[in-house]
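K.L.:
Next come the chains, spelled out residue by residue.
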Amino acid sequence: MAIEPELIYIVVYVTIGGVLGSLAAHLCPVGGAPAAMGTATGIATGTIQILLGAVVTGLFTAATVSTFTNNIVLVMISGAVGATIMMQVTMFFANILYGFGCGITPTSGRVAVDPITKADQTSYKTPQTDGHGIPDVVFISGTLGGFSGGAGGALMYYTLLHYAHFTYGTAVIAALGIFVASAIIASYNIRGTIEGFQDPKFKRVHLALIPTVVISILCSLVVVIATIALRGA
Amino acid sequence: MLQVVLLFAWTLVIVFLAFLACNFEDQESDIGSQSNPNSMVQLAPQVGQIHRFFNKAISGEPISNALYCGTAGMVTWITLSWLEPLVPDAKWKAAVVAIPMGLLASSMIHTIFATTAHCGRIAAQKRFQQPIYLDVFYGHLLPIATHGFMTTFCIICIAYFQSNIGYLAGGGVNSPMNHPFALPLLAFIWGITVGSIGSSTGDVHYGTEREFQDRPFGEGKRVIYHGRITRYADCGIRTQKDIAGFCCKFGGPCTGLTFGFIILLEDWRTLVGMKLAGFLTALPGITRAEQMYIPQGDMAAIWGIILGLIIIAAWIVINMIFVKWIRAKCGPFVGP
Amino acid sequence: MAAEEKKAEEKKPEEKKVEEEVVEAKPKITDHFKFPPDETGLAIIAGVICVLATIFTALPAVIKGLGLILATLWGADCVRKTSKYGLGTGVPSIGVMAIGYGVIGAILGLAFARYGNVGQIFPGVLLGVVLMGLIGLVSGYFSNSVKWIAMKIPRLERAMMELGMAGTFANLLMYSIVTGSLRFDAVVTWVMDTGVIAFMFILGVLAMAHPYNACLGPDERRERTLLVPVEITGLICIILGFSMLVLGTSPFHAVWDGMSLIVFGLIVWVVFYTRYIKTCMKECYATVGTGLIKTID
Chain Y
1 MAIEPELIYI VVYVTIGGVL GSLAAHLCPV GGAPAAMGTA TGIATGTIQI
51 LLGAVVTGLF TAATVSTFTN NIVLVMISGA VGATIMMQVT MFFANILYGF
101 GCGITPTSGR VAVDPITKAD QTSYKTPQTD GHGIPDVVFI SGTLGGFSGG
151 AGGALMYYTL LHYAHFTYGT AVIAALGIFV ASAIIASYNI RGTIEGFQDP
201 KFKRVHLALI PTVVISILCS LVVVIATIAL RGA
Chain R
1 MLQVVLLFAW TLVIVFLAFL ACNFEDQESD IGSQSNPNSM VQLAPQVGQI
51 HRFFNKAISG EPISNALYCG TAGMVTWITL SWLEPLVPDA KWKAAVVAIP
101 MGLLASSMIH TIFATTAHCG RIAAQKRFQQ PIYLDVFYGH LLPIATHGFM
151 TTFCIICIAY FQSNIGYLAG GGVNSPMNHP FALPLLAFIW GITVGSIGSS
201 TGDVHYGTER EFQDRPFGEG KRVIYHGRIT RYADCGIRTQ KDIAGFCCKF
251 GGPCTGLTFG FIILLEDWRT LVGMKLAGFL TALPGITRAE QMYIPQGDMA
301 AIWGIILGLI IIAAWIVINM IFVKWIRAKC GPFVGP
Chain U
1 MAAEEKKAEE KKPEEKKVEE EVVEAKPKIT DHFKFPPDET GLAIIAGVIC
51 VLATIFTALP AVIKGLGLIL ATLWGADCVR KTSKYGLGTG VPSIGVMAIG
101 YGVIGAILGL AFARYGNVGQ IFPGVLLGVV LMGLIGLVSG YFSNSVKWIA
151 MKIPRLERAM MELGMAGTFA NLLMYSIVTG SLRFDAVVTW VMDTGVIAFM
201 FILGVLAMAH PYNACLGPDE RRERTLLVPV EITGLICIIL GFSMLVLGTS
251 PFHAVWDGMS LIVFGLIVWV VFYTRYIKTC MKECYATVGT GLIKTID
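Protein chains in written order, with my numbering: chain Y, 1 to 233; chain R, 1 to 336; chain U, 1 to 297.
One chain only, chain Y, in its complex shape (with noise of 0.2 Å):
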């Protein structure tokens, strides 16, 4: 059988929304449970837990927007966009909460000065704690991690949906589920906490970019082998 230009599409957005997805593990920050006591800085939860309220938000947009339009970057960029205002907002009540509930300044613990607004961060820390809240340098990383895991879902969907041939509720859930298995693998990089962009922990993201890439490739011929069986009867 022919190689088609679409079986090759499949492949290579998959493996890109795939990539995106274990950038984005990267990039969200999580303060795991510390986090939720105000001894670690970030969103107060785990990595996965908060990725899939992103992308799962991301693939709604996505899917509004998919019914009225079959361009390909306007999708993607709509499912980013939906991703990336729901985890501002988050990150932004969460601040609420730490300021006027509890009483506690947003600080970093990793870094001594805010590389983007330059504030000093070490003297506004509890001692003993590793920072609390989502400061300046948290929140921006936490944008781009949303931009990045909603733009890769939304990819995944829009190939499974227009390339793949699956209707909408098949290509969301094979979306969601090609999105976990990567996603996870980069979350088990990090080891339940990072801090954003600044993190020291964030020069490892080399290491699961390569298993990334093997594993969305691995699923991507999955999909593929499934249409060529599924246009074939």
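The hints are simulated quantities; they were obtained by calculation from the structure and are not laboratory data.
Using N, Cα and C, we set each Cβ at its ideal position, and we do this for glycine too.
A short, non-exhaustive set of chain R residues, derived as facing chain U with CB atoms under 10 Å:
{"no.": "1", "residue": "Ile58"}
{"no.": "2", "residue": "Cys69"}
{"no.": "3", "residue": "Gly73"}
We have chain Y already, so just place chains R and U on it with the hints.
P.N.:
Relative to the frame of chain Y, chains R and U by itself:
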């Protein structure tokens, strides 16, 4: 005849329900001690602090809320597909019966999972001498089920409205404005989102403030405090019922505002984009298959993206202003 | 096939008897009774029964429900194996990964179902299972190998491979119960487009991740933990039976098939749930009506 005003009005109803849903989601995670602050309740017996809390650990909030909402959505959808053919002219009658049945199934499953989690976790802490207090066990099951019921009710209503919004705005039963996802899938998606948000925002109020009420206000909780939670209440020994009553004053509404804002900025922005591109006026008379290929569709998406990018930039600025303000107000850390 | 199924049925009353002895004797964990079979034995039994229950889609729903119980038991056992060493990100993520792989593998299996099928027997779906096992092995290699992510959890590769396969089996069996066959268009119409897949996804995740998460602690015991996936599968069977009654897609008489699955699910749930709660209350430090608390320094 699709009425644009009704579309926007139903979207506002959805936003209001979203506010209620996430408010009760945070309350439900307080009354059952779920997710991240539950790690302190788990740690307490290990450092010798026996407690009378309800240790409900159902794999984190996004997954557990997806469970309640997904189950309710499925049973509601199955009942709707059974009842709707019986009342073709008044679909709302089928919904009025189907939605409570779905919620009944979801509440029962919620209670079952809560009991297995609590009993299992306490039984695995035998060496730390933590007993199962039967009054804590039985007395919290109904509050847990009730708060979960309220969350799930709002989410199922949101899913029902979204999958029928074109029909509700007068566009006919198979209106192209109806969301392409089916009701259970929409409920599942919002369940994950609601759990994600409640886990990141409302849990802070529970974990940092209420769980460590006898530590100083205005500092992050130091690592040496971990596990030494406040177990004695204003009068007697604290249980989850004291926690939920406190967190409903600030944590709950803040979490509700979060989800309400997110739904507002998502759905409203999409609709405004459609209106600015003239998509809604071009809509009558074309089917769902055709609506992907008209040029107003692309313009609607572009307007939606432009509005979204403006909103993203605005939130970055708002956060910077807030962080600067709160630092100026509270000042650097003083004390030991 | 009948002999193997009978062996599985016989194991269940045996297991219940052994469990009663254990509970009354205030257990000290001895390794001379094997309840259930150890991890490899459980994997082999579950694998064989699931293959049979998946390929022969003309079986009554109760047999498929039994296959589903074994698939979730297998998955929960694998999750327990890996999480004991501390995954860092928590137990739920590996459950989500298992079912995520399962969905992709199931879609591939369904696409291949039409090749080589003889009437209602679909051996082609096993390709999906095998490929997902392979992908699980690869992701296990990357997660554990020192050059990459280096989690250093013993036998993680094998556990991820088994999770890929168990997830695929669980998905395929649930689709087979609801639609009565494994044809791709039937599954898309009744399962994917209707949103029922969302319910199957999340309950599959919880059937594998909840048992170890709910029994987390230093005094966790494998036999007690493995009562939970069976109980959760009972709940799945009740709701899937209800959906079979309404959707009417079974190859048999829809009402009897659906009712039998609901009754089966109810019996399984009642037996295993009461056994689990009673075991927990007997094996914890103390079960008291009410009481004060103490602080141990």
